[in-house]
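There are 4 protein chains.
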Amino acid sequence: MSSNYGENIRLTIFGQSHSPAIGMTLEGLPAGCKIDEDQLIRFLKRRAPGQNSYSTQRREADAPEFLCGVKNGFTCGTPLTAIIRNTDQHSKDYSNLAVLPRPGHADYTAQVKYFGYQDYAGGGHFSGRLTAPLCIAGGVILQQLKKEGISILTRISSIADVCDEGELNAPTSEKAFPTVSDEMGQKMIERIAEAKSDGDSVGGVIECKILGLPAGLGDPMFDGMEQRIASIVFSIPAVKGLEFGLGFECARITGSENNDEFAVEGGRIVTKTNNCGGILGGITNGMPLTFKAAFKPTPSIGKAQQSVNLTSSVEEELIIKGRHDPCIVPRAVPCIEAAAAIAVYDAMLSRKKEIK
Amino acid sequence: MSSNYGENIRLTIFGQSHSPAIGMTLEGLPAGCKIDEDQLIRFLKRRAPGQNSYSTQRREADAPEFLCGVKNGFTCGTPLTAIIRNTDQHSKDYSNLAVLPRPGHADYTAQVKYFGYQDYAGGGHFSGRLTAPLCIAGGVILQQLKKEGISILTRISSIADVCDEGELNAPTSEKAFPTVSDEMGQKMIERIAEAKSDGDSVGGVIECKILGLPAGLGDPMFDGMEQRIASIVFSIPAVKGLEFGLGFECARITGSENNDEFAVEGGRIVTKTNNCGGILGGITNGMPLTFKAAFKPTPSIGKAQQSVNLTSSVEEELIIKGRHDPCIVPRAVPCIEAAAAIAVYDAMLSRKKEIK
Amino acid sequence: MSSNYGENIRLTIFGQSHSPAIGMTLEGLPAGCKIDEDQLIRFLKRRAPGQNSYSTQRREADAPEFLCGVKNGFTCGTPLTAIIRNTDQHSKDYSNLAVLPRPGHADYTAQVKYFGYQDYAGGGHFSGRLTAPLCIAGGVILQQLKKEGISILTRISSIADVCDEGELNAPTSEKAFPTVSDEMGQKMIERIAEAKSDGDSVGGVIECKILGLPAGLGDPMFDGMEQRIASIVFSIPAVKGLEFGLGFECARITGSENNDEFAVEGGRIVTKTNNCGGILGGITNGMPLTFKAAFKPTPSIGKAQQSVNLTSSVEEELIIKGRHDPCIVPRAVPCIEAAAAIAVYDAMLSRKKEIK
Amino acid sequence: MSSNYGENIRLTIFGQSHSPAIGMTLEGLPAGCKIDEDQLIRFLKRRAPGQNSYSTQRREADAPEFLCGVKNGFTCGTPLTAIIRNTDQHSKDYSNLAVLPRPGHADYTAQVKYFGYQDYAGGGHFSGRLTAPLCIAGGVILQQLKKEGISILTRISSIADVCDEGELNAPTSEKAFPTVSDEMGQKMIERIAEAKSDGDSVGGVIECKILGLPAGLGDPMFDGMEQRIASIVFSIPAVKGLEFGLGFECARITGSENNDEFAVEGGRIVTKTNNCGGILGGITNGMPLTFKAAFKPTPSIGKAQQSVNLTSSVEEELIIKGRHDPCIVPRAVPCIEAAAAIAVYDAMLSRKKEIK
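Chains as they are written, first to last, in this note's numbering: chain A, -14 to 341; chain B, -14 to 341; chain C, -14 to 341; chain D, -14 to 341.
So here's chain A without its partners, still in its complex pose:
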């Protein structure tokens, strides 16, 4: 079912960009999980729009209202629902999208799928805005993971042709721009500014590294850690590629180069390298779980593009109005953390059932 995720938790995300509200229901958190709302709001702020020159100027408080499932700051065992009201809508900006679909957007596919009944304003259910409820769920879960000693590191590893340098070994979340090398981060900011001034946009790649995972999470066949992560990471709009460990690079080298030999370190079994990204046979091996997600450039650009008028079936030039991010990658970083957290947490609940 499209808007549901999870085997042991059940995350339901609802709302359209310009509907009265968006929100999420999360079921499956045990009773008694503490929710720190202040910390959650700080987390959500990292994906909020309007904070700097490279993101859309739409401004919203985005403080979630919890409708149920929490009492006195602790989960009460039943579904946790939170909503965010949509308040700063400029629906008129989008009025021509019903007939003239934007290249690279879901306007056309939504029109076909929903027979013209789709809510096209602001991208409807396809809007990046729907990652806000994803981040509510992920933010709540990140707080639980932390108590289990699990943390999630992320960084932008590239924007267009500008690549970050160095290893991802510490959080970048407190930085103004989430790269390991601040110098390269500055170059990425410049690359985004350049695209913006061209009326164009750029994409990039986000790296994620999950630390503190026990070995034994994930399953063979259809519920490996790869699938569990893929099923949620691809729900973030604009993700077009996903790789674990060396990923596509491992297809270019030999088995003797790629295999991660086992070793003993501090009495614990480890691997000398981590080309597999911490996953063997779909199951965590106790090393950091690493993956990279490729984001396409924001499809909304200022340049004129060719579209087709859906009423007349005639080709027509389209000029997109409205407020848009020249690069959504920076705001997508907490979304990747949220997605990773949710996937890992669900796998951890599965693991509880396997222990007799």
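Keep in mind the hints are simulated off the structure, nothing from the lab.
Partner residues aside, some chain B positions facing chain D, computed with beta carbon under 7 Å:
#1 S(-12)
#2 N(-11)
#3 F(-1)
#4 G0
#5 E12
#6 C53
#7 K56
#8 F59
#9 T63
#10 P64
#11 D104
Even glycine gets a Cβ: it sits at the ideal position worked out from N, Cα and C.
Starting from the structure of chain A, add chains B, C and D where the hints point.
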């Protein structure tokens, strides 16, 4: 649940490499679907081992026995189950894997996950052999898709550093080696032979292109075509990366380069390019759906590798015995077709529910 | 997952009796379904409290607010979420339930299950109030079924030892008391009044008859119409029994008495009797689908009862305060219709996939 | 999905009465569960046909062959599949059912549902024979429950109008006829013999009592113990009614009579009565979980019945040939145990996830 796939169909895959049998149950095919067993056996033969110098010498008939769900050559509406007996097992070859896990394999993670109760022989449930039942399901479904005018093209787009040339516009399945350019295919065969003579292995990338899909398949959020395909493609052992359309490449270019402009062609709305791989917002747009999957090199290599004795926790050298593919990519090609077919078919069933 | 229902639709119900709001998300309605909100509010009013002498005096508007999924009165294809604010809460009434569980209620089991973190106020997630979102979903779906020629008849067939008379062949929903025989309805009202004046309560049985169903809905094994209906009817608090057609009565007669012989009527295959309740092998046979649900008496009674103090583990007398229905059966009638509608609609979506 | 059951386990049942084999796949048992095959075969024997005068004379070994998932007598963590070959088929007996459906059977609904492609021989997927794989799964699980101190008592509480006497406090499974009162059991046998000599059949009611359950199993709303049990009990052919605790009887009494008051017994919280059948708000309260299932009389009777020729649409007299049980209730007793065991085990796995 690990061994189940599908929203409208339900595919269950069972068996271990050396258990009495492996098999699959497929539920959700409408009654009255014709199953051509001869055609199915020809399809399965493409993934069967022992056919040439670059695959394992394990030889098995691999003709499935249908236990139920089919009558007089047509599905009868209830679960379709087929099994393949495991007959050519050399269990002794694997006797040391219980204590000395192979790098790059699931031996160690299986040991942790199943507390020592795993069936380690031949890789157990993690064996590439489990793709045989995947191909039974996929082969049956490919026959149904064909009747709807849908076909699936594949090719090996690279082996190690050898890349195929040309566009994938015609089937390669009848070729001795599934590349567009036979010259590059020959070089790939040589590259595999080189790895084999080195006691090493290589990986590669498979490209898949699905033709004839209607627009409107797939869903927003968690059940986009990307997720549907990822959930099954990552179940093929050794897949470590997946990208749709331009994939990671689109993260390097600009929005104006990447966006696929709309046009009218023969009265039909098309896009002038297909960088998005036929998917917008998780939903097919009527263009070919394209993706690439990266396969790591076969982890079983002849070279000595370091492992850790799980009984003594002492590092130990491992020499892998037994029969292995120096490159599993050629045999994985029909698996990719099977996986793609299953994902697409399931999405098509979803689509039926959306039409009032 | 506890708060989710459906194979093709996905209904999520959330909220506690005294949380800020309760609500539901319904996914899987095709785009373009008309929602008549006035009609929906009239339907919801049938289960609303405070309307007469035999229901609780809690008064709420209970007009749902649609947060998303509907545009200009039509579903837009993505999740439909509606909430009802909880406004008339008397939380203090319930303050002693945390330590002194009410017999027949879920206070004790909630305490055990949620380790003391449950939201005990007003019964929390276990409150009959959660049937309001069920009725939102059911009310919306009833409107869709009507367009397909499907209607759902209900009646109270008994209250305590007072049984209705006559056959259920016409709606009772417009009546002040939903029985076929108004005389017996009046006796039931008197029986409820008697229980109320005794500080006691009574239960009853509701009969449901679904007309206009095509043959072929439902599945063998685990998704027969019986299971589909049971899974949702037992979610209505107080239901303790469910039977289809003759139900328990058919266990007392012979096969020759119970079997429904086939006949031809107006060119259509029918059965001469309908002892099977329109279901054979889990699948509808084209006759009316009939079932009965048994409701226990409201557990909240005015009489003193023995409970156990959960803090001290000492037996203690409990006097329940607060507002309660002496009989919830009348208000449960639309809930049964909602439940039946949802189950049938989901089965109809399944059916679409089976037709090639 | 029709042939799948379970939230944490996944039980898939496949096969038709006269297909090469029937079987089941059970996923979700932890690795390391011991399976005692001898004990399992003894359990299966209780539902096997041909053992006495009141069951069908079809004789089969019914010893399951495990294809995978078990190694050296212990589960290995991956799917457990077992099959039973169909060997004693008399397909010719059923040849006329394709056109002349038997009253009370699924012949007609299968024909409609599967558009004539159904496997009608022996009832196909609707045959009571499919309860054999249910009993394999249930038998394996019963062995695991026993280790947790959980046992399941059953008895036939009535056959036609003959009711058992006494309380169900001890196993009846070793008895020749599973009643508490052997005298009433003898009368039931006579009642069945009478039906048989009349060319007729009778139904009955089975009572089930699950001992040793912890409080806290099951969930509010859609996954209460009632729904979990209903979803599997109604999969046993001929079940037409289900009630928990007092069930339909509680609808006839008052709240003060029906409520189970709490008490302290041996330092443990108990209820003084168990009218609720050990379930409050869908959740076990630590008392025995009790339910009753009503079975209709076997629809296959020797008497002439009216049917309709599906080819000509003309009413026609049907005389059923073949071997049939005049009463399937005795053979259904272990099926009820299997169903209860599976439902309880799945709920116990859910419970593991709730404990932090």
